[in-house]
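Trainee: Residue numbers (the working numbering), protein chains in the order written: chain S, 1 to 282; chain D, 1 to 282; chain P, 1 to 282; chain A, 1 to 282.
Where hints are given, some of them may not hold.
For each label pair, taking beta carbons as the anchor points, the in silico distance ranges come out as [unchecked claim]:
#1 229(P) <-> 85(S): 53 to 63 Å
#2 227(S) <-> 61(D): 49 to 59 Å
#3 64(S) <-> 93(A): 27 to 37 Å
#4 180(A) <-> 182(P): 36 to 46 Å
#5 61(A) <-> 157(P): 29 to 39 Å
#6 53(P) <-> 180(S): 30 to 40 Å
#7 109(D) <-> 65(P): 47 to 57 Å
Quick caveat, the hints were computed from the structure, so don't treat them as lab data. Quick caveat, the model's predicted, so the values are computed rather than measured. Note that beta-carbon positions come from the ideal geometry of N, C-alpha and C, so glycine has one too.
There are 4 protein chains.
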Amino acid sequence: VESSEANLRWANNSLTTNGAMRSRQVVVVSFVDGGAGMAAGTVLVDCTSGDPASSRRIAARLAERGIAFLDAPVSGGVVGAEQGALTVMVGGDEATLARVRPALERFAKKIVTCGPVGAGHALKAVNNALLAVHVWSTAEGLAALERAGVRADVALDVINASSGRSNASMNLFPERVLTRAFPRTFRLALLDKDVGIAAEVAREQRVPAPMLQLTAELFTVARRELGELADHVEAVQLVERWAGVTIGASAIAASMPAASPEPALPPLDAAAQADATLEQPL
Amino acid sequence: VESSEANLRWANNSLTTNGAMRSRQVVVVSFVDGGAGMAAGTVLVDCTSGDPASSRRIAARLAERGIAFLDAPVSGGVVGAEQGALTVMVGGDEATLARVRPALERFAKKIVTCGPVGAGHALKAVNNALLAVHVWSTAEGLAALERAGVRADVALDVINASSGRSNASMNLFPERVLTRAFPRTFRLALLDKDVGIAAEVAREQRVPAPMLQLTAELFTVARRELGELADHVEAVQLVERWAGVTIGASAIAASMPAASPEPALPPLDAAAQADATLEQPL
Amino acid sequence: VESSEANLRWANNSLTTNGAMRSRQVVVVSFVDGGAGMAAGTVLVDCTSGDPASSRRIAARLAERGIAFLDAPVSGGVVGAEQGALTVMVGGDEATLARVRPALERFAKKIVTCGPVGAGHALKAVNNALLAVHVWSTAEGLAALERAGVRADVALDVINASSGRSNASMNLFPERVLTRAFPRTFRLALLDKDVGIAAEVAREQRVPAPMLQLTAELFTVARRELGELADHVEAVQLVERWAGVTIGASAIAASMPAASPEPALPPLDAAAQADATLEQPL
Amino acid sequence: VESSEANLRWANNSLTTNGAMRSRQVVVVSFVDGGAGMAAGTVLVDCTSGDPASSRRIAARLAERGIAFLDAPVSGGVVGAEQGALTVMVGGDEATLARVRPALERFAKKIVTCGPVGAGHALKAVNNALLAVHVWSTAEGLAALERAGVRADVALDVINASSGRSNASMNLFPERVLTRAFPRTFRLALLDKDVGIAAEVAREQRVPAPMLQLTAELFTVARRELGELADHVEAVQLVERWAGVTIGASAIAASMPAASPEPALPPLDAAAQADATLEQPL
Chain S
1 VESSEANLRW
11 ANNSLTTNGA
21 MRSRQVVVVS
31 FVDGGAGMAA
41 GTVLVDCTSG
51 DPASSRRIAA
61 RLAERGIAFL
71 DAPVSGGVVG
81 AEQGALTVMV
91 GGDEATLARV
101 RPALERFAKK
111 IVTCGPVGAG
121 HALKAVNNAL
131 LAVHVWSTAE
141 GLAALERAGV
151 RADVALDVIN
161 ASSGRSNASM
171 NLFPERVLTR
181 AFPRTFRLAL
191 LDKDVGIAAE
201 VAREQRVPAP
211 MLQLTAELFT
221 VARRELGELA
231 DHVEAVQLVE
241 RWAGVTIGAS
251 AIAASMPAAS
261 PEPALPPLDA
271 AAQADATLEQ
281 PL
Chain D
1 VESSEANLRW
11 ANNSLTTNGA
21 MRSRQVVVVS
31 FVDGGAGMAA
41 GTVLVDCTSG
51 DPASSRRIAA
61 RLAERGIAFL
71 DAPVSGGVVG
81 AEQGALTVMV
91 GGDEATLARV
101 RPALERFAKK
111 IVTCGPVGAG
121 HALKAVNNAL
131 LAVHVWSTAE
141 GLAALERAGV
151 RADVALDVIN
161 ASSGRSNASM
171 NLFPERVLTR
181 AFPRTFRLAL
191 LDKDVGIAAE
201 VAREQRVPAP
211 MLQLTAELFT
221 VARRELGELA
231 DHVEAVQLVE
241 RWAGVTIGAS
251 AIAASMPAAS
261 PEPALPPLDA
271 AAQADATLEQ
281 PL
Chain P
1 VESSEANLRW
11 ANNSLTTNGA
21 MRSRQVVVVS
31 FVDGGAGMAA
41 GTVLVDCTSG
51 DPASSRRIAA
61 RLAERGIAFL
71 DAPVSGGVVG
81 AEQGALTVMV
91 GGDEATLARV
101 RPALERFAKK
111 IVTCGPVGAG
121 HALKAVNNAL
131 LAVHVWSTAE
141 GLAALERAGV
151 RADVALDVIN
161 ASSGRSNASM
171 NLFPERVLTR
181 AFPRTFRLAL
191 LDKDVGIAAE
201 VAREQRVPAP
211 MLQLTAELFT
221 VARRELGELA
231 DHVEAVQLVE
241 RWAGVTIGAS
251 AIAASMPAAS
261 PEPALPPLDA
271 AAQADATLEQ
281 PL
Chain A
1 VESSEANLRW
11 ANNSLTTNGA
21 MRSRQVVVVS
31 FVDGGAGMAA
41 GTVLVDCTSG
51 DPASSRRIAA
61 RLAERGIAFL
71 DAPVSGGVVG
81 AEQGALTVMV
91 GGDEATLARV
101 RPALERFAKK
111 IVTCGPVGAG
121 HALKAVNNAL
131 LAVHVWSTAE
141 GLAALERAGV
151 RADVALDVIN
161 ASSGRSNASM
171 NLFPERVLTR
181 AFPRTFRLAL
191 LDKDVGIAAE
201 VAREQRVPAP
211 MLQLTAELFT
221 VARRELGELA
231 DHVEAVQLVE
241 RWAGVTIGAS
251 AIAASMPAAS
261 PEPALPPLDA
271 AAQADATLEQ
281 PL
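From just these sequences and the hints, can you work out the full model?
Mentor: Here's what the structure looks like:
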């Protein structure tokens, strides 16, 4: 379907995901063929969560044929999509954006011009990478506290009134982790992809980013261990598995008499110590 | 000065820091001598930012002499202290807390019982470690975006309306980094200490915490490189130095014609490539 | 049993481990009771793989009662123990060592004086931590090469003639990984303990050591995932599991017609891409 | 210059590096123009240290014009080049290699067929990445030991007779670090490039490689801090700077009376502790 305004390639389709019907959604059509069927003068708007280097390559190839390109990932989730209240992060030049702005405004409440082609993708990837950082690091901290005898609900109350708070600690952990609900709203596999893109942006730009790189590795591990269908917050369960503790467990136990925190791993016994002398590889 | 309520050791002193006069502040007295002058029945309340293992050791020794111990680090900053509106995180048993609660209520608005001795220290350390994670990871992301041509103010606007937001992105970066103000309100050296404590809590509890451990290392490096007087947010400047970019620079440049993003490092030139053949250590 | 030379506490016992009978082995006796039964003038020699901070604490307490302490972990493995050809790394003062040297020489071929109390333990821990670094990093590299179509035996041939070689690449990988033998000679749990000690030495000394700290975390994860009985080289199998590849697999496949390297994970399909638009948490 | 055997593009040039005259050296000519002047039937042999993804792209483009491609990085250093005793790691198909083998044998003592196009580059990058891992991790360990009072020469003696040894500990540290010679034989900037390539191979192959990724970041930091001319072993000096210690310092001090190990950083003083209460950002 082409919009009359600017030959914008989009699809006012009604995709069904998770049983929900949604409309007013822009997706990119026929990307695989490199825009083979598009006429010169078309503007291709990529609303997926792509990587900037590919976006720049695609834009350069399309430009040879007179086709303009914008990367325009969106935020706002399912609710925003249904209400036409998404935020669009646009990478590309202003003149091209002007041609498709009316089409974007059908579903976007806010249109942010981020920079050159790829800038929209880069910004979305970095935002999601920070989400990943917060989910994982908060899980590490709460798992350690849980084992040290600090209830996770108490810890979150304090953190959320303090300097260590984040969207993850304020919303995801109370609603999804402490409740053990872990609804599947955004796949871990997709977050893994986004963190990887952010890590690649940093490397491509030669910005040492040890934390983003480590986070990329940890989420790839989590994806392997938890599978393609896991929700992104389920990464917390891998941290719990490695820690041998369930975040929030002592809060539940607190309602029972003589509750005690998760016992620590038993110390290596004397036999193991003696063995060490014999086994050592030094 | 001893409180009449419970032999609480505290000091209603008037410390002057940063030129401000403050009262109604509890600090621990004569810790170095192991509470040598304290009578049995005293409660020692440690309001500093200590480490749980030491707290437990101290508590055990004091208990031999009939002295009770609570760790009770506070939050709320200078303003909270002046207004008697601090939050106190208490580690120790409820009965002991009951004895000193009236004294604590003189300066605390909220008293949170966290768990056994050390729990207050552990919780405070983890909160501060998450702050450190957020400051550093947000700096990495914004530095990469800056080099990719995305203005930091635009990036923060999007992130702060999205899933990647944290206290650091919502408050510290707009107020202190984009403005280049970097006021000295909380020393990097102290945050380094706190992250180290949180990392030790995780290790002691046998919780694999690669992100907290890495953050501990990075802040120790930052402390070495930036000195004992640097503010904790100045860690961002080390990320910038390593990245060869100033976060927010393109926002300033945007007001000039023909602004361009920070140039990437030049590629290794052909000579260097040829050299590689000769130099290689393989 | 006390040696006549210097009241050295040791046990000329015959421990049976892995079905082998061994003698001439020094182990520390009755450590748990803090040397309660030892007379003043005794020298306590700790030949286990301990941590320096504990060693210093123990030494200080023993000194109050006139008992000297040396940490003296050994290397050389089972064969060295059987042949009386171990290397002993001694922490403690020279005068104390002089008193027990004859006893140590019964089983040690080489006695190295490392520094003050704890120095022997520190050196042994660092050596073992480097072993752990080499095992894990070589596994990462070979797993990546395997998936890129480079046979592990070819890769090891080149690496072992080049600058990237280590004891791990020269001995452990050819003998234990490529053969899939994975004999159980030194437990992963003990290596995890040693890496943790090395990481703590670095932190205690305020030496930023991001690689040692990360290695400590990875081996703790491996211990959790692989269990208390796994051999230290089995950590390679966790790297393989995360990578979705078996190191050496293409070497085996090479003997069959039309061998192909391990296929990469399938790319996220178009449906997943479309989903991304709906699911995204930004 | 074209070889008569197989239209191999090479240059029998006499490059002068480090004041040495060398001949019999194959380098790639006119890469920048994509082999514009080459005839169909030519084989392009890339002996530099490149990245596999680029190699595959180049090979695909050249193939369209009937030009074959091999990646063939070499090892053996300056001495090997002078003596015609290099090892060549070849990526590409056997038939193509057969055509250029005589030309390669002029300077190569050993020709290793590694796998498909890019395999030679991948293997060389992984070898060099392991070198980087060993240099950095050994520096961390020795810096910690130095501060703990263990002389680096003693530590290296033990490690090099034990399981933690590597090419770095056996050759580079004794010859270049303990002597403080730090000769400039292979630039840090080039090693940084190689580690980055290895890290990208792992990511492209979806192999979680936290240690290689971290090493890539650390060497990029080191390159920024130490400059384009620094030797790769000078990375040790950055570890020393962060640690506040010189590896080998106590060995030198040992020749003087009353030598003592490098003092630890002073503990935070009481004033700083008290300050913490006021400054804290929680």
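Trainee: Indicate, hint by hint, whether the structure satisfies it.
Mentor: We went through each hint and held it up to the structure:
{"no.": "1", "hint": "229(P) <-> 85(S): 53 to 63 Å", "result": "56 Å, holds"}
{"no.": "2", "hint": "227(S) <-> 61(D): 49 to 59 Å", "result": "50 Å, holds"}
{"no.": "3", "hint": "64(S) <-> 93(A): 27 to 37 Å", "result": "32 Å, holds"}
{"no.": "4", "hint": "180(A) <-> 182(P): 36 to 46 Å", "result": "42 Å, holds"}
{"no.": "5", "hint": "61(A) <-> 157(P): 29 to 39 Å", "result": "31 Å, holds"}
{"no.": "6", "hint": "53(P) <-> 180(S): 30 to 40 Å", "result": "39 Å, holds"}
{"no.": "7", "hint": "109(D) <-> 65(P): 47 to 57 Å", "result": "51 Å, holds"}
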